[in-house]
Amino acid sequence: MLFIKNTLKAHLSKQVLPVVLLVSTFTISFGVVAETPEEQGLAISKEAKNRDKGWQDNSANMRMVLRNKQGEESVREIVTKTLEVENDGDKALTIFNQPRDVKGTAFLSFSHPVGPDDQWLYLPALKRVKRISSSNKSGPFMGTEFSFEDLSSFEVEKYTYKYIGDETLNGLDNFVVEQYPVDENSGYTRRIVWLDKDEYRIQKTDFYDRKNSLLKTLTFQDYQQYLSKYWRANKAEMINHQTGKSTTLEWTNYAFKTGLQDADFNRNALKRAK
Amino acid sequence: MGSRFFDFINKHPIWVIVTSLLFAFLVASGAQNLVFKGDYRVFFGDENPELIAFESMQNVYSKTDNVAFVVAPKDGNVFSPEHLESLKVLTKASWQIPYSTRVDSVTNFQHTYAEEDDMTVEKLVLSTGNLSDADLAKIKQVAVNEPLLVNKTVSPSGHVSVVNVTVQLPGIDVGLEVPEVAKSAREIKEIYLAQNPDAEVYLSGMVMMNTSFTESALEDSATLVPLMFLIVVVVIGVLLRTIAGTFATVVIIIMSIATTMGVAGWTGFYLTGPSSSAPTMILTLAVADCIHVLTSMFYEMRQGASKEDAIKRSLKVNLQPIFLTSVTTAIGFLSMNFSDSPPFRDLGNLVALGVMLAFVFSVTVFPAMLRVLPIRVKVDDGSKVSNMSKLSDFVVSKRRVLLPTMALAILSTSIFLPQNELDDDFVKYFDETVDFRNAADFMQDNISGMALIEVSVETGESSGINNPKYLQTVADFTDWLRQQPEVDHVNTITDTLMRLNKNMHGDDAAWYKLPDDQALSAQYLLLYEMSLPYGLDLNNQLNVDKSASKISVTLKNITSNEMLYLEDSINKWFANNGRGYNAVVASPSVMFAHIGQRSIYSMLIGTTLALLLISLLLGIALKSWRYGLISLIPNLVPAAVGFGIWGLFYGYVGLGLSVVVGMTLGIVVDDTVHFLSKYLRARREKDLDAIDAVHYAFDNVGRALIVTTFVLAAGFAVLAQSSFALNADMGLLTAMTIVIALVVDFFFLPPLLIWLDKKSGSGQHAKNDSVGDAQVTLTQVK
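Order-wise, the sequence lines are chains A and B. So for the first sequence, this note's numbering puts the first residue at 1; every next one is plus one. So for the second sequence, this note's numbering puts the first residue at 1001; every next one is plus one.
One chain only, chain A, in its complex shape (with noise of 0.2 Å):
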């Protein structure tokens, strides 16, 4: 299934699928139903995972733009390139290219389905690697209604799940699903997810605050399909139902198995990433 964390970890990273969940999955794919709404989420977020592995490597021009309830707006520009990891989470280098005063500023994340991720910003005013260590992943990302925990890639055994029904959304059949996250630092205590059924996209999440109310929404547009098999969306669009704020994303230049290695991953690759 693709969820949020696929659709935008296309841009931050990169998930694997344990193989040994075909069997299962296929199951699910063809409707036959004989478990637990426990096992029937998982398993569909498995197929979900599944479908999206083996891109290996992408990039992508995001523009986000932020509006408070004043009807002010901001724009961030980034770019984003990703490393399919097999057994991890991906590794993901975030360039700054808008506001002007970031530019150039690079981030580099190794992430990981359990436990904090490794870190590390290149500050060029300061041209300094700075190691940061942090197992908050819940704040705003660049002041967006986006959090880092949003956008970094979606990993299997970062949830627990629950299938809780069908539904048609945007004139498609939709696997409703619900995910509780097992890290403690999350800022949810759940999020449901809409899949189609077709190709297992993303159509929408509901998040849950820590108090179980809902705090966001996000849904996404204009899917396409990358190298007859990747989904992504080209736009995507949160809101926050307790702030009034939201923000919007849009995806350009995507593209796949561009060749990024290992090497261009780390500390050193920081520095002149552009």
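Read the hints as simulated data drawn from the structure, not as lab findings. Some hints here could point you the wrong way.
Pair ranges (Cβ atoms, derived) [claimed, not checked]: (1) A:234 <-> B:1145: 34 to 42 Å; (2) A:252 <-> B:1080: 32 to 40 Å; (3) B:1431 <-> A:115: 14 to 22 Å; (4) B:1115 <-> A:182: 27 to 35 Å.
List of simulated lysine to any residue pairs, SDA-like, C-alpha gap at most 20 Å [stated by the list, open to error]: (5) B:1758 <-> B:1183; (6) B:1088 <-> A:271; (7) B:1088 <-> A:210; (8) A:103 <-> B:1040; (9) A:271 <-> B:1116; (10) B:1123 <-> A:271; (11) B:1183 <-> B:1406.
Ideal placement from N, C-alpha and C gives every residue a C-beta, glycine not left out.
Fit chain B to the known structure of chain A by using the hints.
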């Protein structure tokens, strides 16, 4: 309305009663639509410029409604493993409060530190399992030296700390949302206390204040209204000695209140602290009408008239005076429409409506009830009124002493009027019986005040806040603020940037200064923001395109004057040192600081207008411009003296008291009307001289004035018992003013009348050949 109408009441009392009750019941059913709005924002109209500024600031940054748990360990040490653990638990539990979006405490403070090229961002208190004394000392040292925390989240000595919960109320139904948050906070407090008996917890914050508005009003309606009913029953029962009359009066009062609140419900009013005192006021004012009708009726019956005739005559005599006094009272209350604060406009309109309804009921269903209820009165031998004679003898004989003495007393008390300082400190809107007030006081005594000023400093360009010139300006401003004696705490982005700069240079204290390069600041903030957890971000102090930052200043609970002065100083500071940056100052404290002043100025217009209208009415009613003018003195002096005494003993005025002049004007004018009309009647109709006319006025209305003044003063004195100080002050000052009015009417007006009338020649009354008093004149005018 003529006697045919009264005949109808006498002939078909049951019909009148049933129709009126049916009408009252139907209208009153609207009261179920009434909801209470427990929100300080109700005090401000949609057009209020400070509210608009504050709302727009909230939309740019985030809302600042909060609940504060002020936690005091009994051993006076926040930094023990046990207490820190309890704070951790409390912090986590606080996230469960409905609509919470942010929780700040000592334990979850995002501590940043450096080790070579590693930068760590983590909670100040992680696990408390095996904290050594050194660890505890380190935590304390960080906390009490952190400008973000000290004097806001933790006291400098480390004996009290605060867990502050920011809530984002959806505002769909504030009447439900606020109590919901308060209930949850109280439950968490109870659980905390059960688990930590060695600590005290006080609940403060804007939400607790908002909920106190509702709770105070509910408590008032549960205690004050019944108390007032009791007083009415006792007063009428004792003074007029009638069970049926008391019963009928209580029915009239209930009908007046119920229909008024019903109309309020049907027409979309909502209740607020001030407007919830409308029932008590209507109750008080409605009694007077009934007393007049009853007194006259009993007088007639004592003279041997049948009940039927007594009722008829009583109505005939009282209809116009009651109408006139009801209209003047209503005008006084309607003057409150000039207030800048909607709850006071509502209060004025509700009471004005209630007074007019009470008038209608007193001359319709009231006599109808008296007609059917069993009433017996002993025929009087006519040997009473001796007390009044003694009083008038005293006033007349001592008039040469009384006039200058009273004048001097009036002047010497009124002179303290300017002693009143403007003060709308919302903490003091509640008395010490209210939990919120105790919490706010405890917080003020131990850590910080509740008053807040927020200053948005704007650059007008994206990322402008990272400009070193901007940061230096904000840092200078912060330094200046911290030198002000009333400032407890300043939250500013510059502190964070200085700390980050230090962290990025291996925690070298020499680098605790602002970055000198825009890109550097921007990159520090980028790094920092990426490392913060949910709810502890910088969005509450930076706007989306980082063109502006917000400095939050926590202040001691200062008076409105001090607040206005500080606001002015801030604006001046920016004019002189702001390097061209634009500063916008807003906050609930600023809103309250302005509302009192605004309301006083606008009420000056309203009161003047009411005064003109009332004097015009009096002039017409008394058929004399001269006496219309003279009436200004007894009408205005009570308020001047009242505020003078208030200035002497209390010394503050604000939103609540700004409406008192207009309100009391309509009430005290009644005394003047009654006294002057009897005086003039004696002069014109009976051709008496000034001294005899004074005797006549005393004999005729002296007792009624004492009784009504007693009831009115009692009613407003009951209101003065409200735990909601805004209402209590209003009640106390009004009660005082009403009593002063009677004193002026008895001891100052008569000597003045005698003196003026003698001065202008005793023939004055002879020029006026019209017969009849105010009531007759009024009928003619109509």
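* Hey, residue 1183 of chain B versus residue 1406 of chain B, does the alpha-carbon distance stay inside 20 Å? -> Judged against 20 Å, a Cα distance of about 54 Å means the pair is violated.
* Hint says 27 to 35 Å; check whether the CB-CB distance for residue 1115 of chain B and residue 182 of chain A agrees. => Roughly 29 Å apart at Cβ, these two residues keep to the hinted range, so it holds.
* Does the alpha-carbon distance linking residue 271 of chain A and residue 1116 of chain B stay inside the 20 Å limit? -> Holds. Residue 271 of chain A to residue 1116 of chain B sits at ~18 Å (cutoff 20 Å).
* Hey, residue 1088 of chain B versus residue 210 of chain A, does the alpha-carbon distance stay inside 20 Å? -> holds (16 Å)
* **20 Å Cα cutoff - pair residue 1758 of chain B, residue 1183 of chain B** => violated (69 Å)
* To do: Could you grab the alpha-carbon distance between residue 1123 of chain B and residue 271 of chain A and see if it respects the 20 Å cut-off?
  => Between residue 1123 of chain B and residue 271 of chain A the Cα gap is close to 30 Å, so the pair fails against 20 Å, i.e. violated.
* Distance restraint hint 34 to 42 Å, applied to the beta-carbon atoms of residue 234 of chain A and residue 1145 of chain B -> Violated, at about 50 Å.
* For the range 32 to 40 Å, tell me whether the beta carbons of residue 252 of chain A and residue 1080 of chain B fit it or not. => About 56 Å separates the Cβ atoms of residue 252 of chain A and residue 1080 of chain B, which means 32 to 40 Å is violated.
* Asked: Is the gap between the beta carbons of residue 1431 of chain B and residue 115 of chain A within 14 to 22 Å?
  -> violated (54 Å)
* Holds or violated: are the alpha carbons of residue 103 of chain A and residue 1040 of chain B at most 20 Å from each other? -> Violated, because 45 Å separates the two Cα atoms, which is more than 20 Å.
* Is it true that the CA of residue 1088 of chain B sits at most 20 Å from the CA of residue 271 of chain A? -> With a Cα-Cα distance of about 40 Å, the restraint between residue 1088 of chain B and residue 271 of chain A is violated, given a limit of 20 Å.
Hints 1, 2, 3, 5, 6, 8, 10, 11, counting from the list given before, are not met by this structure.
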